[in-house]
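These protein sequences, in sequence, are chains R and U.
Take 4 as the starting number for the first sequence in the numbering used here and just add one per residue.
Take 286 as the starting number for the second sequence in the numbering used here and just add one per residue.
The set of hints was computed from the structure by calculation and includes no laboratory data.
Glycine included, C-beta positions come from ideal geometry on N, C-alpha and C.
Accuracy of the hints is not assured; some may be wrong.
As the list claims (entries may be wrong) - Listing some non-contacts, in silico: residues in chain U with all C-beta distances to chain R over 12 angstroms:
id: 1; residue: Glu308
id: 2; residue: Thr347
id: 3; residue: Arg349
id: 4; residue: Glu360
id: 5; residue: Glu367
id: 6; residue: Gln383
id: 7; residue: Ile387
id: 8; residue: Ala419
id: 9; residue: Phe424
id: 10; residue: Glu470
To be verified - Simulated crosslink set (BS3-like; lysine-lysine; CA at most 30 angstroms straight-line):
id: 11; chain 1: R; residue 1: Lys307; chain 2: U; residue 2: Lys322
id: 12; chain 1: R; residue 1: Lys385; chain 2: U; residue 2: Lys322
id: 13; chain 1: R; residue 1: Lys385; chain 2: U; residue 2: Lys492
id: 14; chain 1: R; residue 1: Lys494; chain 2: R; residue 2: Lys267
id: 15; chain 1: R; residue 1: Lys513; chain 2: U; residue 2: Lys453
id: 16; chain 1: R; residue 1: Lys179; chain 2: U; residue 2: Lys448
id: 17; chain 1: R; residue 1: Lys494; chain 2: R; residue 2: Lys302
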Amino acid sequence: MTEAVAPTAEAAAETLESRFPGSVTPDTRAGYSGYMVAPDKLIEFSTAIRDEMGYDYLSSVTGVDYIADGKLEVVYHAYKTTGGPALVFKVQIPREDPVIPSLVSVYPGADFQEREAYDMYGIRFAGHPNLKRILMWDGFAGYPLRKDWKEAYYEADIKPFDSRWPGGNFYRSEEKNPFSHNVAYPEGFDPDQWVSEEEAEQYPNLNELDVSTGRGFRTDKIVVNLGPQHPSTHGVFRMLVTLDGETIVDLHPVMGYLHRNHEKIGERNTWIQNMPFTDRLDYISSMSNNLGYALAVEKLTKAKVPERAEYIRILMVELTRICNHLWAIGFLLNDMGAFFTPALYAIRERELILDFFEATAGSRMMCNYMRFGGIARDIPEKMRDENTMEFLNDMVFNRLPRAFDELDTYLTENEIIRSRGIGVGVLPPQQAIAYSAAGPLLRASGVPYDLRRAEPYSIYDRFDFKVCTREGGDVYDRYVIRIDEMRESVKICQQVLRDMPTGGDILAGKPQYTVRVPAGESYGRVEGPKGELGFYIVSTGKANAYRYHVRAPSFINITLLGELCKGHKVADVVVILGSIDIVLGETDR
Amino acid sequence: MYGLGVVKGLWVTLKHFVDTYTEDVRWLSKRYIDPEKLNMRQSPKGKGLFTVQYPDEMLAPTERFRYLPFLIYEEKADGTKEDLCTSCGICAKVCPPQCIWIVRTDDPVTKRPIPAPKEFYIDTDICMNCGYCAEYCPFDAIKMDHDFEIASYDRTTAHVYDKAKLSKPVSYYASIRPTDYAAEEKARAEEEAKKAAKKAASAAAKK
């Protein structure tokens, strides 16, 4: 990594444009920012910004279908791990023949994201090592996020659907969409005769004898499917593992079993209708998802969030982080074989936090709590029998810190965790950055990159907390860093309770179900418990989102899974996956 | 020393186990019967046994807990029921999964719409319990229910709620959400007082 050449953004723009005359131009559409890059200069451009300007972290890659212009666009958001705003660059290609060079050679973290863009838009990334469908099955016809693609049961392009009112005679969608007729196959396609090429590819070397180990022991390689129905995969997730004895030779994550095309649903929904859908992404930490989406839309609407609402948002999000980390630690121990005892002690505290969420937001996990320009409801006076503020103070100042100490005392020095964790799944910092790893995974490798500090959003600049890092980058450090982060979170909560104004508005303006979002694009991102959670939205000024993309940390973090597992034993795969901490609702979307 | 972690771990469990029995002796059997004590068991003040044995024991939901929506009607003095719903359609428009279906009533003579729903369906299979319908209803006519035990044997018919099944009296709403109800009543009374004052003022001005 070289030092950044350009001291200011303007000077950087100057150098980029003069360096690639005619190939790099500013994006001049109203409400848009960044650069348009010619496809043939893309690799050169991205190498330059990575090596010379320090944009070493490729946060998000996604496609947009501008069907009216006959163009597909690929949008990249690159950041510096030292902090600061994004460098946004875009490539436009014709819809008929969408080919652009792959950036995997420059940013390996683009791997899964490019595959997703290929899957959803049919954009072919030349030079991609493994360009296959990732969320849809490989016999699927069509590219679902293109604007002209319609599902088998199609009602209308945008909600609200006209049939609901004023003459809303109910019909069950199942009657219109009967089983076995709810899939559109291409001409001449017989699902019974079809063989997945992707699957078939995994098996040819089964009978190949590997004598390279030189241990004088001739063994076959064997392919094993871990999952999709397996308790250690934390959901419906499959790992195709090639084994040499007990040792992992190769590992391919296979996902998409829970895919419901969240983004297509999001583009049909009105702006506010998306909010409860974000709850269902990472369903362990719905408050963070809410905040990320609210921030993305507020960047366009420029709503000013009232003070009290800002504080309550931070409180909720930090409590969510605690919930998530308690859950992650508990289930990591499960994966290590300490069956459920530590997990239940960890999620006991989570239960109490969820009680508070229920009393405030109305639901324990599907909170649907944030609104554009504020929050839905203020903290209630009472929850069940006790005073809410007393409860919160008790939790934040006494009970939670004590619970973390307890976990620390019993677990951190525990010989099982140490022997199963130390030196397992080591992730060097350079690799972590290159693969766009985020959150605890990145910071456990010693990279102090936390959005709350790197590009403070909401009111995080007011709080005193430290960005935790660990040096080892192994499973053990990923466990320890979660304890550290919970301690920092509780510190933030304490400051919130100390500084929060007692009264005042919680929402800018009146509650509105129609939101006017000016045309343009925005990328709102928050430091979610699992890592950087980003929402890329494009508005055309209408009631519905034109493009709604989720940069899901769980999805991008498992780009690394194969690399981390190679050379380890089968039992370690389970632990490594647990330490990455994924939620399949977010991975598959 | 190997095995120390196991001993430490067992010590936590043992402490918890003993706590459960000391608490039992302290509260006698109240801890399992009295709803107030039941709440306390699963709270920061609770010690020992933390879990609640649903469905034998059940914690009361918090006031804002939301499950499925229901419609509110007022019971008049003469025993007739009057829906608060005016079939304006806002709930159907704001519903994210589009699970609300309303048929507007038309006056048989003039063919003009009457502010009352003829039919009102909610497909509970696809309702996502987000609470937007209740949040944005301008007439406080649709609210979120607490009753979450709705299992049934027939998914093709029983999961679509019609108006009869959805309607519940105001008194029910007041009983599950007393704070919200009181606040709404207060706001309504203030609004009416303001209107009355305005009327009186304009009447006085006319004189």
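How the hints compare with the structure:
{"no.": "1", "hint": "Glu308", "result": "holds, 15 angstroms"}
{"no.": "2", "hint": "Thr347", "result": "violated, 4 angstroms"}
{"no.": "3", "hint": "Arg349", "result": "violated, 4 angstroms"}
{"no.": "4", "hint": "Glu360", "result": "holds, 27 angstroms"}
{"no.": "5", "hint": "Glu367", "result": "holds, 20 angstroms"}
{"no.": "6", "hint": "Gln383", "result": "violated, 5 angstroms"}
{"no.": "7", "hint": "Ile387", "result": "violated, 5 angstroms"}
{"no.": "8", "hint": "Ala419", "result": "violated, 9 angstroms"}
{"no.": "9", "hint": "Phe424", "result": "holds, 14 angstroms"}
{"no.": "10", "hint": "Glu470", "result": "holds, 17 angstroms"}
{"no.": "11", "hint": "R:Lys307 x U:Lys322", "result": "violated, 43 angstroms"}
{"no.": "12", "hint": "R:Lys385 x U:Lys322", "result": "holds, 16 angstroms"}
{"no.": "13", "hint": "R:Lys385 x U:Lys492", "result": "violated, 50 angstroms"}
{"no.": "14", "hint": "R:Lys494 x R:Lys267", "result": "violated, 39 angstroms"}
{"no.": "15", "hint": "R:Lys513 x U:Lys453", "result": "holds, 28 angstroms"}
{"no.": "16", "hint": "R:Lys179 x U:Lys448", "result": "holds, 23 angstroms"}
{"no.": "17", "hint": "R:Lys494 x R:Lys302", "result": "holds, 28 angstroms"}
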